[in-house]
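Chemist: Please put together the full structure from these sequences, using the hints given.
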Amino acid sequence: MNENKPAKIVLREIVDSVYRNAWEAKERGEPVGWSSSKFPAEIAETLGLAVCYPENQAAAIAAKHGGQRMCEHAEAMGFSNDICAYARISLAYADGAPCEEKPMPQPDFLLCCNNICNCMTKWYESIARMHGIPLIMIDVPFNNTVDVPDERIAYVRAQFDAAVKKLEAISGRKWDEKKFEEVCANANRSASAWLKACSYCATKPSPLSGFDLFNHMADIVTARCKPETAAAFEQLAAEYEKSVKDGESTWRYDENHRIMFEGIPCWPELGTLFKPLKENGTNTVAVVYAPAFGFVYDGLDELARAYCRAPNSVCIEAGVAWREDLCRENGVDGILVHYNRSCKPWSGYMLEMERRWHAKLGVPVVGFDGDQADPRNFSEAQYRTRVEGLVELMRAQSKGAHAGGPPRAAASNAANEREENAR
Amino acid sequence: MTQPEELLKTLSDIAHDPGARLAACLAEGRKAVGVFPYYVPEELAYAAGFLPFGIWGAQGTVREAGRYFPAFYCSIARTGLDLALRGKLDGLSAVIMPSVCDTLRPFTQNFKSAKPDIPFLFLAHPQNRKEDFGVAYTISEYRRVKAELEAVADKKITDEAIRGAIRVYNENRAARREFVRLAGAHPEAVSPAGRAAALKSAYFMDKAAHTELLSRLNDSLRALPSVAWTGVKVVTSGILADGDNLLDLFERHGIAIAADDIAHESRSFRTDASETGDPLESLARQFAAQTDDPLLYEPDLAHRGAHLVELVETAGARGVVFIMMQFCDPEELDYPNVKNALDKAGIPSVAIGYDRQMRDFGQAGTSLEAFADMLKS
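These protein sequence lines map, in sequence, to chains A and B.
Numbering-wise, the working numbering puts 108 at position 108 of the first sequence, and it's gapless, one number per residue.
When you read off a place in the second sequence, starting at 1, and then add 1000, the result is the number in the working numbering.
Mixed in with the good hints, there may be bad ones.
As the list claims (entries may be wrong) - Going by beta-carbon spacing under 7 Å, a handful of chain A positions derived as facing chain B:
(1) Ala76
(2) Met77
(3) Cys117
(4) Ala158
(5) Tyr349
(6) Glu352
Unchecked claim - Covered by chain B, per the in silico footprint, the following chain A stretches (three or more residues, Cβ under 8 Å):
(7) 80-93
(8) 120-128
(9) 131-141
(10) 338-345
These are calculated hints, taken from the structure and not from any lab test.
If you're wondering where the values come from, they're calculated on a predicted model, not measured in any experiment.
Here a beta-carbon is modelled for each residue, glycine too, at the ideal position from N, C-alpha and C.
Modeler: In structure tokens, the structure reads:
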């Protein structure tokens, strides 16, 4: 544990070092890759390849308010504004659009895994075409059942083997099984520590704001195979443990209500998202996006199975169960759903999920429209109104519970509202 | 009425009333299985004795599907789910639903949630479909779908029956490819709307019956004298182009469709399956051979652009009309690539937005008129 610096600083420095290493590799003339966030990072790490992460870059650019400018650049290239804003930002950057918010070296090879979305496929093909560079594609088909069929695991595993061969050629290095085991051990240690840190959200009151987890996600995405990341997450968990004992929290407001925030945050609007929540003493204590990146496995077959279970590659039953467990474990009394204009696979079955959560958990569910990186798709007024509605519903439910009555079913959650509108 | 006109009308009537076709099929005692886009190995359902019935949504307003899909989703999915919710698919013995794009993924989950009374057969194609491991995985998926169809049909599907179905389908694919060629050569006899309807009718008919009608139409077109076309010829590209309102605009502005790169049309019948050997492997290798489709991973990065350029040149077209399905991100992501390839080859193109729910075609008409004028000049 680093005794001198808080974990959040250590974690930030680790992400900075990922990008610094990539720049240094570029300067040394070594190939630098761009990778989708749920490509098996273990492979490139084992071969000692420097890799950057366009999704992480796009989130950082958006958080620093460069998203709209980059999106508009991509639109001028001919890409529709319907396309995921991360993809548009990345395509603009690959095209050389000026960008001081989060520079990273241009790619020499690409690592694409479509477990989180198929948008990845054409996005990465476009960049491969623009730069004339190799694209390594790992395809993870969508799952309709909770258990992933063995044939699908075999297909994914075979692609891992093919990717290793291609990356051996790109890196000029031979695959080292011992090194791979070390890398996997690091990734597992990082994942365990990350999940432990996330689990402190279950404490009442929570020693953290769930939004903190969004900030630390960059590490689990970009640096999960590094021992220093595992150590930093262990430090983070220890800090939360201490906060619980000391009665402290990074959430410095009342915790009258505890909610799950569903979806990727609107990075350009983090302050706006936060404001009505803190005004109403509503802490976010569950975010499915964060623990979704923490998975523990043993060996390549299990690794293949783990990468089949990305948020957007699982069936609705698994998706509901994840959230249901999280909400129960973390004592959630309301759910705020981000209908993310950038993410069709995510938002496309949320209305049905809303109904199922509401039925199973008996908590109010409210949705708002937004975007992970394009601020033009977000309305502060609508967001504030929806949060206020959620708070009212939670308050009413809480009063019902205090009066000794049964949990009050929300009369106007977002799914029901939409149902009414549809009629 | 000339023979081509009569046959085109027959096929058009079928294309315009799929509900009646389904009802007639069920009344005759034949069971039907719904087939959603894209690349379902219909031969398996056909071999089991079902009528494979294509479901690509419907023209009109979404009424019920708003309970499942937010507004920013492809109208094929939204109106397709709407058909199910309004009982228009009742009577189907099952549906087969692929999951190859980011809208189809949640669509599969919405469908099974919204319509639990229709057996739902899920299908997850591979993107790395050409390698042996991809073919092996496709075979495993097709084997599962076959077993599920057998359960629905309560009978075994033999290899011989699948091979027989492949023969029927290969003949139909060949007839449709020939029709596309002849319709391009005889725009004076086949309007854009008539062309689309003749192709669309295949989704609602036994393929053997469709081949029979279409072959007669092809013969009658082949017998026509060659007539100089005074308008312009284009290639269409996109997911779907079957709306009469849209296609009448082509006709009004003298634009003939010489060939197409439309998912609902030529992309679906470009590739045949082997009629010998293991039939599941034949179907898997047929899918592996599919290419030049934005819904599929394309390792040869220049291939689709070159394909479109070749299609224009082979068909004797002057330009390309991209019919961009609203909210279809695979098409949108690939558009700059193919547009650039056309630009480099000196082939003009125009993109017009299209949607199952579209009512106002003013902007599309203006774009097409201007494009036709440019091509003529």
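Chemist: Hint by hint, say whether it matches the structure.
Modeler: Each hint, compared with the structure:
1. Taken as an interface hint, alanine 76 (chain A) does not check out: its beta carbon lies about 10 Å from the nearest beta carbon of chain B, beyond 7 Å.
2. At its closest, the beta carbon of methionine 77 (chain A) sits 6 Å from a beta carbon of chain B; the interface hint therefore holds under the 7 Å criterion.
3. Restraint check, cysteine 117 (chain A) versus chain B: the minimum CB separation of about 5 Å is within 7 Å; hint holds.
4. Hint status for alanine 158 (chain A) relative to chain B: holds, with the closest Cβ pair at about 4 Å, below 7 Å.
5. Satisfaction of the interface hint for tyrosine 349 (chain A) is found here, the shortest Cβ-Cβ separation to chain B being roughly 4 Å, below the 7 Å cut-off.
6. For glutamate 352 (chain A), the suggested interface contact is upheld, since its CB lies about 5 Å from the closest CB of chain B, less than 7 Å.
7. Requiring three or more residues with a Cβ within less than 8 Å of a Cβ of chain B, the coverage given for the stretch 80-93 of chain A holds, as 5 such residues are present.
8. Look at the stretch 120-128 of chain A against chain B: 6 of its residues bring a Cβ nearer than 8 Å to a Cβ of that chain, three or more, so the hint holds.
9. Counting residues of the stretch 131-141 of chain A whose beta-carbon sits less than 8 Å from any beta-carbon of chain B gives 5, enough to reach three: the coverage restraint holds.
10. For the stretch 338-345 of chain A, the assignment as covered by chain B holds, since 4 residues bring a beta-carbon within under 8 Å of that chain's beta-carbons and 3 suffice.
The structure is inconsistent with hint 1 alone, although it conforms to all the rest.
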